[in-house]
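Based on the sequences and whatever the hints tell you, model everything.
The chain contents come next:
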Amino acid sequence: MLKRSLKWTALALSLTLPLAAHAHKMWLLPSATNVSGVDPWVTVDAAVSNDLFYPEHVPVALDQLVITAPDGQAAKAENTLTGKYRSVFDLHLTQPGTYKLAIVSQGVFANYELNGEKKRWRGEAVNLGKEIPAGAKNVEVSEANNRVETFVSNGKPNDVALKPSGKGLELVPVTQFTDLVAGEAATFQLLLDGQPAAGLKITAIPGSTRYRNAPEEIDSSTDKSGKFSLTWPHAGMYWINASTQDGKTEFKQARQRRLSYTATLEVLPQ
Amino acid sequence: MRRPKFSSLLFSMPALWLAAPAAAADLNVTVQIPQLNVAEYHRPYTAVWIEREDHSVAAQLAVWYAQKQSKEGAGTKWLPDLRQWWRRGGRDLALPVDAVSGATRPAGPQQLKFQSGKAPLNNLPAGKYELVVEAAREVGGREVVRVPFVWPATSAQSLAAQGQSELGAVKLELAP
Chain Z
1 MLKRSLKWTA LALSLTLPLA AHAHKMWLLP SATNVSGVDP WVTVDAAVSN DLFYPEHVPV
61 ALDQLVITAP DGQAAKAENT LTGKYRSVFD LHLTQPGTYK LAIVSQGVFA NYELNGEKKR
121 WRGEAVNLGK EIPAGAKNVE VSEANNRVET FVSNGKPNDV ALKPSGKGLE LVPVTQFTDL
181 VAGEAATFQL LLDGQPAAGL KITAIPGSTR YRNAPEEIDS STDKSGKFSL TWPHAGMYWI
241 NASTQDGKTE FKQARQRRLS YTATLEVLPQ
Chain W
1001 MRRPKFSSLL FSMPALWLAA PAAAADLNVT VQIPQLNVAE YHRPYTAVWI EREDHSVAAQ
1061 LAVWYAQKQS KEGAGTKWLP DLRQWWRRGG RDLALPVDAV SGATRPAGPQ QLKFQSGKAP
1121 LNNLPAGKYE LVVEAAREVG GREVVRVPFV WPATSAQSLA AQGQSELGAV KLELAP
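So the protein lines, in turn, are chains Z and W.
If you use our numbering, the first sequence corresponds to residues 1 to 270, in order.
If you use our numbering, the second sequence corresponds to residues 1001 to 1176, in order.
A hint or two may mislead.
Stated by the list, open to error - In silico SDA-like cross-links for lysine to any residue, where the CA-CA straight-line distance does not exceed 25 Å:
#  : chain 1 : residue 1 : chain 2 : residue 2
1  : Z       : K156      : W       : R1142
2  : W       : K1077     : Z       : Q270
3  : W       : K1068     : W       : D1098
4  : W       : K1077     : Z       : T94
5  : Z       : K76       : Z       : D90
6  : Z       : K156      : W       : S1070
7  : Z       : K156      : W       : A1103
8  : Z       : K201      : Z       : E78
9  : Z       : K156      : W       : V1057
10 : W       : K1077     : Z       : K227
11 : W       : K1128     : W       : Q1111
12 : W       : K1068     : Z       : T94
13 : W       : K1077     : Z       : V42
14 : Z       : K156      : W       : S1116
15 : Z       : K248      : Z       : E124
16 : W       : K1077     : Z       : D90
17 : Z       : K76       : W       : K1077
18 : W       : K1077     : Z       : K201
19 : W       : K1077     : Z       : T43
20 : Z       : K156      : W       : R1091
21 : Z       : K156      : W       : A1099
22 : W       : K1113     : W       : S1070
23 : W       : K1068     : Z       : Q176
24 : W       : K1077     : Z       : A77
25 : W       : K1118     : W       : K1077
26 : W       : K1077     : Z       : H24
27 : Z       : K156      : W       : E1053
28 : Z       : K156      : W       : D1081
29 : W       : K1077     : W       : R1105
30 : Z       : K156      : W       : S1056
31 : W       : K1077     : Z       : N79
32 : W       : K1077     : Z       : S31
33 : W       : K1077     : Z       : Q176
34 : Z       : K163      : W       : R1091
35 : Z       : K156      : W       : Q1111
36 : Z       : K227      : Z       : V172
37 : Z       : K156      : W       : L1093
38 : Z       : K76       : Z       : N158
39 : W       : K1077     : Z       : A32
40 : Z       : K156      : W       : R1088
No lab work stands behind these hints, which were simulated from the structure alone.
Printed below as a string of structure tokens:
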């Protein structure tokens, strides 16, 4: 039951899209983004919180974790743990190159009225028909597609794991994700279903929010090729997010599709 | 006549002929590793390289890191701590690199001598460069010192820059 409720937490987040910058944020936080040596490992926290990057709300369900190794094959998380406020896992980087770590969630939401009472439902699209009572009125269905990522390079970065799936909002590098330096501009490209996502707002927030009063949010927006640039004011871990909505639903009963993309990126000092 | 004989000799040794005009060009580096009064001291990981104006690496001159085999490997785990070096080209190297990689050095002046025409300088094209020295120390700090120079030198030159924490003086002596 715990796992099930966590799974839907990720999707519920996307329903708060208009308030994205103030709402709970989901994130993956790797212990390092550049590793080397004969037997490199990283450990990663996964949580949903208001403050970055402090686990203080709910953990992320790791059954939605997808790790892609530098050769494009799936890699396995080890030593997984889900606690009160965060999930934790280790990644053994057995290959040289860049790993993509992603929490990918998709689901369907419905609001309806039953005997004059407002009800909400969330679950798998296939269960919609049987789990919403026959007498329900004013059924409004929407679907959500969320992707929360981070990246770790063992030695020289490569981009095999970074190939987009073509589904939902995704980020591809122009500047390498694991090669970011304070004061230098980085350029990335945002895709929607594999095509350039033009005119979307990008929000970047540096971590350690607990130790300052202002959010220090940096905004950018995508150009017609889906590209945008960010210049990092200082070193640290950054949470970057974009969201949108459209009517291109996969499930025919859904009227609206809500999409969100989040990445945690590390910026090193000069 | 002598002339044809001379030129045939040149063409029989093209590599030597190419190197000849710069054969005397020397590039000598002295890196002062400071004596630090700290409770836990480890010799710094140190990298020395030459950067072009676009920050690409023209020559890797030295990288010193822990060579002792341990469970984590021969010290290569911590090489990304030499952050600038790592992203500028360190991560592209298959270590160890002959005559470039070596053990960490103790406090004191560490001398490196290079000659044009020989690895790792080889035939460094004429242009503006920076000598870069980066040091990162376990449970300590990190520092980068840069010395701009023009190659080849038209006259003997002695250039220097001063480190503040993890490096002392970095001297660069050029001879045409």
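Hints, one by one, checked against the model:
no.: 1; hint: Z/K156 with W/R1142; in the structure: holds, 22 Å
no.: 2; hint: W/K1077 with Z/Q270; in the structure: holds, 20 Å
no.: 3; hint: W/K1068 with W/D1098; in the structure: holds, 17 Å
no.: 4; hint: W/K1077 with Z/T94; in the structure: holds, 13 Å
no.: 5; hint: Z/K76 with Z/D90; in the structure: holds, 9 Å
no.: 6; hint: Z/K156 with W/S1070; in the structure: holds, 23 Å
no.: 7; hint: Z/K156 with W/A1103; in the structure: holds, 23 Å
no.: 8; hint: Z/K201 with Z/E78; in the structure: violated, 35 Å
no.: 9; hint: Z/K156 with W/V1057; in the structure: holds, 15 Å
no.: 10; hint: W/K1077 with Z/K227; in the structure: violated, 34 Å
no.: 11; hint: W/K1128 with W/Q1111; in the structure: holds, 23 Å
no.: 12; hint: W/K1068 with Z/T94; in the structure: holds, 22 Å
no.: 13; hint: W/K1077 with Z/V42; in the structure: holds, 12 Å
no.: 14; hint: Z/K156 with W/S1116; in the structure: violated, 29 Å
no.: 15; hint: Z/K248 with Z/E124; in the structure: holds, 18 Å
no.: 16; hint: W/K1077 with Z/D90; in the structure: holds, 17 Å
no.: 17; hint: Z/K76 with W/K1077; in the structure: holds, 22 Å
no.: 18; hint: W/K1077 with Z/K201; in the structure: violated, 38 Å
no.: 19; hint: W/K1077 with Z/T43; in the structure: holds, 15 Å
no.: 20; hint: Z/K156 with W/R1091; in the structure: holds, 5 Å
no.: 21; hint: Z/K156 with W/A1099; in the structure: holds, 22 Å
no.: 22; hint: W/K1113 with W/S1070; in the structure: violated, 31 Å
no.: 23; hint: W/K1068 with Z/Q176; in the structure: violated, 32 Å
no.: 24; hint: W/K1077 with Z/A77; in the structure: holds, 21 Å
no.: 25; hint: W/K1118 with W/K1077; in the structure: violated, 30 Å
no.: 26; hint: W/K1077 with Z/H24; in the structure: violated, 35 Å
no.: 27; hint: Z/K156 with W/E1053; in the structure: holds, 22 Å
no.: 28; hint: Z/K156 with W/D1081; in the structure: holds, 14 Å
no.: 29; hint: W/K1077 with W/R1105; in the structure: holds, 18 Å
no.: 30; hint: Z/K156 with W/S1056; in the structure: holds, 15 Å
no.: 31; hint: W/K1077 with Z/N79; in the structure: holds, 21 Å
no.: 32; hint: W/K1077 with Z/S31; in the structure: holds, 14 Å
no.: 33; hint: W/K1077 with Z/Q176; in the structure: holds, 21 Å
no.: 34; hint: Z/K163 with W/R1091; in the structure: holds, 22 Å
no.: 35; hint: Z/K156 with W/Q1111; in the structure: violated, 30 Å
no.: 36; hint: Z/K227 with Z/V172; in the structure: holds, 9 Å
no.: 37; hint: Z/K156 with W/L1093; in the structure: holds, 9 Å
no.: 38; hint: Z/K76 with Z/N158; in the structure: holds, 19 Å
no.: 39; hint: W/K1077 with Z/A32; in the structure: holds, 12 Å
no.: 40; hint: Z/K156 with W/R1088; in the structure: holds, 11 Å
Violated hints for the displayed structure, listed by number in ascending order: 8, 10, 14, 18, 22, 23, 25, 26 and 35.
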